[in-house]
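*Asks:* Chain by chain, the residues:
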Amino acid sequence: MDLLRFFRTSRRPAAPAAEQNDLYIYRSAGPKRIVVVTLFDVARDKHDEIIAKVGKTFAGYDKIVYVTDLPEFLHFRAAGAAFEYFPSLAEQKRHHDTLSWRAYLAARWEIILAKWQPEHVLAYGANIDRFLAAAEEQA
Amino acid sequence: MTVCRYDIVFVADVRFEGGTSTALAAEMTAAAREGWSTGLLMVKGPILGLPFPVHADIRAHLDKGLTERVDPAQKVETRLLLLHHPGILINPLQPRPAIDAEKVVIVLHHPAVDRAGKQQYDIATVVKHARFAFGKPVLLAPVSPVVRQSLPRHLPQNCALLEEDWHNLIDLDDWPCRKPRALKMPVRIGRHSRPHPQKWPDTLQQAKAVYPTDARRYEIRMLGGEEFLQAHYGAIPENWKLQPFGFAGVADFLADLDFYVYYHSEAWSEAFGRAILEALAAGLVVILPKHFEPLFGEAALYAVPDDVRMLIDHHIANPALYAAQSERARRFAVERHSIARFAGRITALMPATVDGLPSPTSLKPPLPSRPVLFLSSNGIGMGHITRQMAVADRLPPDLVPVFATMSYAAKVAVEAGYQTHFFNHHRAMGADTKDWRSVFADELFELVSHLKPAVIAYDATAVFPAIADVLALFPDIYALWMRRPMWREGHRLFLDLERAFDAIIEPGEFAEEFDTGPTRDVRHRAYTVPPVLHITPQDRMERDEARRLLALPADSTVVALQIGSGNNFDMAGVRTAVMDAVLSHPDTVVVEFQSPIRAAIEPIQPAGPRHLVREAYPVFRYSRAFDAAVSAAGYNGFHENLLGAIPTLFVPNEADEMDMQLSRARWAELNGYAWIMRRDTDLPRCRDFITRLLDPWQRRHMAARCAAIDWQNGANKIAAFITDHARLVRSDRKVVD
Chain R
1 MDLLRFFRTS RRPAAPAAEQ NDLYIYRSAG PKRIVVVTLF DVARDKHDEI IAKVGKTFAG
61 YDKIVYVTDL PEFLHFRAAG AAFEYFPSLA EQKRHHDTLS WRAYLAARWE IILAKWQPEH
121 VLAYGANIDR FLAAAEEQA
Chain H
1 MTVCRYDIVF VADVRFEGGT STALAAEMTA AAREGWSTGL LMVKGPILGL PFPVHADIRA
61 HLDKGLTERV DPAQKVETRL LLLHHPGILI NPLQPRPAID AEKVVIVLHH PAVDRAGKQQ
121 YDIATVVKHA RFAFGKPVLL APVSPVVRQS LPRHLPQNCA LLEEDWHNLI DLDDWPCRKP
181 RALKMPVRIG RHSRPHPQKW PDTLQQAKAV YPTDARRYEI RMLGGEEFLQ AHYGAIPENW
241 KLQPFGFAGV ADFLADLDFY VYYHSEAWSE AFGRAILEAL AAGLVVILPK HFEPLFGEAA
301 LYAVPDDVRM LIDHHIANPA LYAAQSERAR RFAVERHSIA RFAGRITALM PATVDGLPSP
361 TSLKPPLPSR PVLFLSSNGI GMGHITRQMA VADRLPPDLV PVFATMSYAA KVAVEAGYQT
421 HFFNHHRAMG ADTKDWRSVF ADELFELVSH LKPAVIAYDA TAVFPAIADV LALFPDIYAL
481 WMRRPMWREG HRLFLDLERA FDAIIEPGEF AEEFDTGPTR DVRHRAYTVP PVLHITPQDR
541 MERDEARRLL ALPADSTVVA LQIGSGNNFD MAGVRTAVMD AVLSHPDTVV VEFQSPIRAA
601 IEPIQPAGPR HLVREAYPVF RYSRAFDAAV SAAGYNGFHE NLLGAIPTLF VPNEADEMDM
661 QLSRARWAEL NGYAWIMRRD TDLPRCRDFI TRLLDPWQRR HMAARCAAID WQNGANKIAA
721 FITDHARLVR SDRKVVD
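Chains R and H are the protein sequences, given in the same order.
Quick note on the UniProt record's numbering: the first sequence kicks off at 1 and runs consecutively.
Quick note on the UniProt record's numbering: the second sequence kicks off at 1 and runs consecutively.
Keep in mind the hints are simulated off the structure, nothing from the lab.
No residue lacks a Cβ here, since even glycine has one placed at the ideal position from N, Cα and C.
Be aware that one or more of the hints could be misleading.
Label-pair restraints from in silico Cβ distances [stated by the list, open to error]:
hint, chain 1, residue 1, chain 2, residue 2, range
1, H, 700, R, 93, 31 to 39 Å
2, H, 544, R, 103, 33 to 41 Å
3, H, 609, R, 97, 31 to 39 Å
4, H, 716, R, 127, 22 to 30 Å
5, R, 80, H, 433, 36 to 44 Å
Each computed BS3-like pair below joins lysine-lysine, with the alpha-carbon atoms no more than 30 Å apart [unchecked claim]:
hint, chain 1, residue 1, chain 2, residue 2
6, H, 118, R, 56
7, H, 434, H, 364
8, R, 46, H, 452
9, R, 53, R, 63
10, R, 63, H, 434
11, R, 56, R, 93
12, R, 63, H, 128
13, H, 434, R, 53
14, R, 93, H, 364
15, R, 32, H, 128
16, H, 128, R, 93
17, R, 93, H, 411
18, H, 128, H, 75
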């Protein structure tokens, strides 16, 4: 159970400094300027335009991380961006009986914040609160 | 949750290879003939550490619906619970089954103390753990006087000993009697046992005494010997014919013998001897050590090892004596061990049906659905996720596949209709592996704790410490590692984390004899299955339909080009050379499949009207459209092209991090199943390779050789293995250290 406790206590929403956060993905490398951009319920044909715009706006940042609900990652890779995947509301509905999506994705979002320690969180389409509020509860 | 009612619930570790499982299978048959409803709660006990599959007879009963699976979480009521083998109660059953049994019987298949005086189990502990699990006093049913005599004089509280031994039962329909025939030289002497040192005479000299080496007079047939016996004794006499231990074909094996001679290690104490009973049922003259006499009486002959040969010769010389002994053997099996006896045995124990309760034979509720988590690493291609889909597609509807992958090809699982999660590999983020360990562990922990899968099936060569960390937190989840063979030496370090898993499953490999990698020497620890294919060759589209859907010309010679994503081994030169060479032939078309996980965002631009670019998954489904192929030699593509009888020129991806694609392709070429072209040495002769590939005579003969390959899909076996381990109760671990 030690490891379990370690997981739980190490994830703090407002860690005092990135390098002190055990879940920060660049802990060894030191602080980086990171922006997280959510793309929930955004059509695929809008992605390229958004990627170009965000890339330009945050050109001085070390990493742009897109959180997408579409399982198509090629354009993020081509832009040199990182990405995370949340199954869409339609996928959640399709698989509603195996997972309490709202609770799981809320926990996953916490991990993403702790992992990337973003300076900014931007939303195109539904923001994370709306996305989670609409997430499926287990039947 | 609805209560399931059965007449009898069997609780057993049905992975046992020998008599315990065969006896249980016979009881299931007998119960079904009586019209009793039966359920089976599977236990993973502490005795078998390696990943044995379920015994074939019991699996056949499950497949036919002769008995039904019981889920540990199901509420079950039964008139009688029969727990087979005390060894599964050495530790408590976890989770505690929700079974309310009116009576609990523990069938003692094994002596509590062996012939050397070593304790095999503590009956007080066994009874205590039965009480933990079922909350009832238990009845003990020894299978033989040997077991009965091994029990302590004072039994623990809450248990009683049945007066009658529960002799193993046998379905005589499965064991036809040997047809009377004159003995002729050499006479055939056989035996059948597990390949375990305890089951064999301790030295070769002792073995030769009972299995004589005079080839003119005796032919010795040993089922269960083979590699084990070579290692056990060193030299094997010429007249000993060794065959592997097997479930199938034993009746035929026995029917072809004249004598059955069974001697074992001095240290071994045989509780009963199921294989001996089968030989008696087959009407063989059976010769045994004297200590078996209380079990088999006059049905067998008894001798010290030095007298065995003389006894055999005596019966050869006296046909009437042989016939009388053969008749005694069969009669003994019929009178004492027929499964017809099961009804009387059970009726005496089973409480009468209580009025008002629904009949146990009424419709049962479906098994509760259980998620199975298919976890995979990134991979350079799509091999891991494709192999997992091969298995997931074959699971029963009550097991729900969920994918969690680091592969950029996650969308193929989504598009196949599976719940899919994606985690980043450290390389995708440019992260330090130490930093990634805790992040990935947390991500995986969160998914597993929310999903609570019954089984985690991991497919990858690399095992990450984070995975071991998380598996250790969920000891009730059955964890297996599917790892294809042909590893490079550099991957050896991953074997260290093998212990994090309950089972290793190795999908088979046609080129196995060319495998010199690190997994070769540990293959005995794995459950090996035939090569795994996602789409079986006969399930592919017809040629015309595939050509229509891919918009390929109906009358051209079509060469499929699939040389990988290019992520770690640059195939640009190969691609250009192959296209030039193919298109230099008239009436040819190259159809190039771009990978869903290619590195470049821009689609491949066709080089001309006879270069067609397509994206399809799985490509193999369309492969009847192809006349030939140029392909990398990854596990899936290799086996697909051979089994699909597609004449193929393999261009192995020889990057250090890959599997032994070169060896695989070489093996295929040497066996006439394909050709090989190496990027770094053969490219200048590419036109010659392609000319040969396009030669109709060559293609016809190569396709014919491939079509003759004998194969069963290993994916079916893995799916069956997962199905059998998704509803386990476990007693393979101590609760308190």
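*Asks:* Are the hints correct? Go through all of them and say.
*Replies:* Now the hints, each set against the structure:
| no. | hint | result |
| --- | --- | --- |
| 1 | H:700 - R:93: 31 to 39 Å | violated (51 Å) |
| 2 | H:544 - R:103: 33 to 41 Å | violated (51 Å) |
| 3 | H:609 - R:97: 31 to 39 Å | violated (50 Å) |
| 4 | H:716 - R:127: 22 to 30 Å | violated (46 Å) |
| 5 | R:80 - H:433: 36 to 44 Å | violated (21 Å) |
| 6 | H:118 - R:56 | violated (77 Å) |
| 7 | H:434 - H:364 | violated (50 Å) |
| 8 | R:46 - H:452 | violated (36 Å) |
| 9 | R:53 - R:63 | holds (14 Å) |
| 10 | R:63 - H:434 | holds (19 Å) |
| 11 | R:56 - R:93 | violated (36 Å) |
| 12 | R:63 - H:128 | violated (60 Å) |
| 13 | H:434 - R:53 | violated (33 Å) |
| 14 | R:93 - H:364 | holds (28 Å) |
| 15 | R:32 - H:128 | violated (59 Å) |
| 16 | H:128 - R:93 | violated (46 Å) |
| 17 | R:93 - H:411 | holds (17 Å) |
| 18 | H:128 - H:75 | holds (22 Å) |
Against the hints set out earlier in the document, violations occur for numbers 1, 2, 3, 4, 5, 6, 7, 8, 11, 12, 13, 15 and 16.
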